[in-house]
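S.K.: With chain Z's structure known, arrange chain F on it following the hints.
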Amino acid sequence: MSHTTTNATGSAELLEINMKQKKLGYQIKRNKEIYLMMAPYFILFFLFTVLPVVVSIGLSFTYFNMLEMPTFIGWKNYIKLFLEDDIFLISLKNTLIFAVITGPISYILCLLFAWIINEFHGKVRSLLTLIFYAPSICGNAYMVWNLILTGDRYGYLNGILIKLGILDNPILWMKTEKWILPILIVVQLWLSLGTGFLSFIAGLQTVDKSLYEAAALDGVKNRWQELWYVTLPSMKPQLMFGAVMQITQSFAVADISIQLAGNPSVNYAGATVVTHLLDYGSTRFDMGYASAIATVLFLLMVGTNKLVQKILRRVGD
Amino acid sequence: MAKNKEKQTTVRRKLFKRKPREKKLNRSMAGNGILFFIMFICGIFMALPLVMIINNALKPLDEIFQFPPKIFVRNPTLENFSDLFVLMNNSWVPFSRYIFNTIIITGGGMVGHVICASLAAYPLAKHKFPGKDILFNMVVLSMMFSWTVTQIPQYLIISWLHINNTYAALILPAFSFGMGLYLMKQFMEQLPDSLMESARLDGASEWKIFWTIVMPNVKPAWLTLAIFQFQQMWGNTGSLFLRNEELKPLQYSLQQITAGGTARAGAAAAVTFIIAAVPIIFFLICQNNVIETMTTSGMKD
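Those protein sequence lines, which keep their order, are chains Z and F. Quick note on the working numbering: the first sequence kicks off at 1 and runs consecutively. Quick note on the working numbering: the second sequence kicks off at 1001 and runs consecutively.
These aren't lab readings, by the way, just hints derived from the structure by calculation. Even for Gly, the Cβ is constructed at its ideal location relative to N, Cα and C. Any given hint could be a false lead.
To be verified - Computed, partial: chain F to chain Z, Cβ under 8 Å: (1) Met1039; (2) Phe1145; (3) Thr1150; (4) Leu1172; (5) Phe1175; (6) Leu1183; (7) Gln1190; (8) Ser1194; (9) Leu1195; (10) Ser1198; (11) Gly1203; (12) Trp1207; (13) Ala1221; (14) Gln1255.
Bound conformation, chain Z alone:
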């Protein structure tokens, strides 16, 4: 009797061990599959992204003029950056103003427009998406603004303001210090329905339609409540993605400033961290210094990202 019971427990133990082994084997097999799936991307990612970034951070501690081998100079680039380079401080200030204003506003605009477009159907919807995405897809869309902001009285903005009697003389918009930054901010906002916008459009598509019906039964009255209690919480991953894209875009503004205000702009009114970086990197061939600027900008963005992600976790609570 006792013999049979021990036998039974023994076989149960064996079975358990067997199960565990199977599970382990299964896990190993599964993990192997997983790593194989990730391998192509991450091998290339390490080669073409991680390695260059690490090298650049290393270069930021050197003097490197792209012709001779880099020479190690320690923290000198960073010291010069913060203590001697006035223009860097101006550009840092401009970039922060830029980011603080355009970042949140264009993020909300992306969300708002994507949400409104989501109310339309079929071809109208595709057309609206195209129209709002047009500035991002048409290559050099700034051309339009050059036309609008021309400094003589034939520029569209000057023409309209003179006709309305608001101005007596045309203003050289992109050559007047106090106008440069505000105009750049407006143009950037106009351009900002890009990556985040499209990902929100796609994200809204994946929101479960039955949730809306359930919410209506639970007493959600209008579309604003619906947005806050149903739509936003169910597209949190896209919101996170949009925020990161917004940060990378609004801190790295350079193209529009160079195209519209020139580099260097009048009294550096349109200088941003990246225009400063481009100035050193591609005009003065001081790659060590440019790398130091890139590293500082990187740290700035990482910090902002941490903060924004913390805020976004609270959406819909």
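M.R.: Chain F alone, transformed into the frame defined by chain Z:
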């Protein structure tokens, strides 16, 4: 009166329960009107570049040089396009070769990126394994480093791999852009685990689950990613890595035509039109598919 209204709403609710898609929920006419108005005003501004590019392409030379410049064309012609085609036929590398290069670089870079990034995103979104968070954070952070300064190390690596002056120099780095993985991971995270669990119980391999369950369910995501990547690759002139003329993409040769100066202003306007039109066509195809898929399946646990 109030009671009556209440009764109405309860009746309506019952109706909803039975036929949920009969009427749109929670929508007022006034709200629709306001939204439409806002969209209209903003839409005019947003459409400006499109309008300008189309009009410029149709302007005869005298209108292009007209001062002050006008947005709308008065005597539309297709002269600019015929000029452009004459110029294209005169290039010493046949134009079909440029088109072929573009298909390889843009198409290859796009398809490869969507597949690589999605494959890597799936385990990051739906599995637990050591090193997961580090890998993911690295990808997100990589997007925040200015590419201007990483170009030189990247160039050195590409030379070191001996793929300089080949298609691979453009395509391989494109496979591993950070944004795609992040986008795909965010969408895959939303898929309910039960969807994959049942397939796993049936003994499906991860590979099979990925292709038959995950990818069809995140179609809006990878179609959107395809748009981004297409734009990115299409805009790449490749002049940094490609030195052989017969390897260069269409973008490069078109920009060479515009570099011909004022004499080619007409052809240049046509070029601007073509450069914008190609991604727009691709965009429309993808967007229509994004919408179609979700209205037919709309599936989610």
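S.K.: Quick check: which numbered hints come out false for this structure?
M.R.: Hints 8, 9, 10, 11, 14 contradicted; others consistent.
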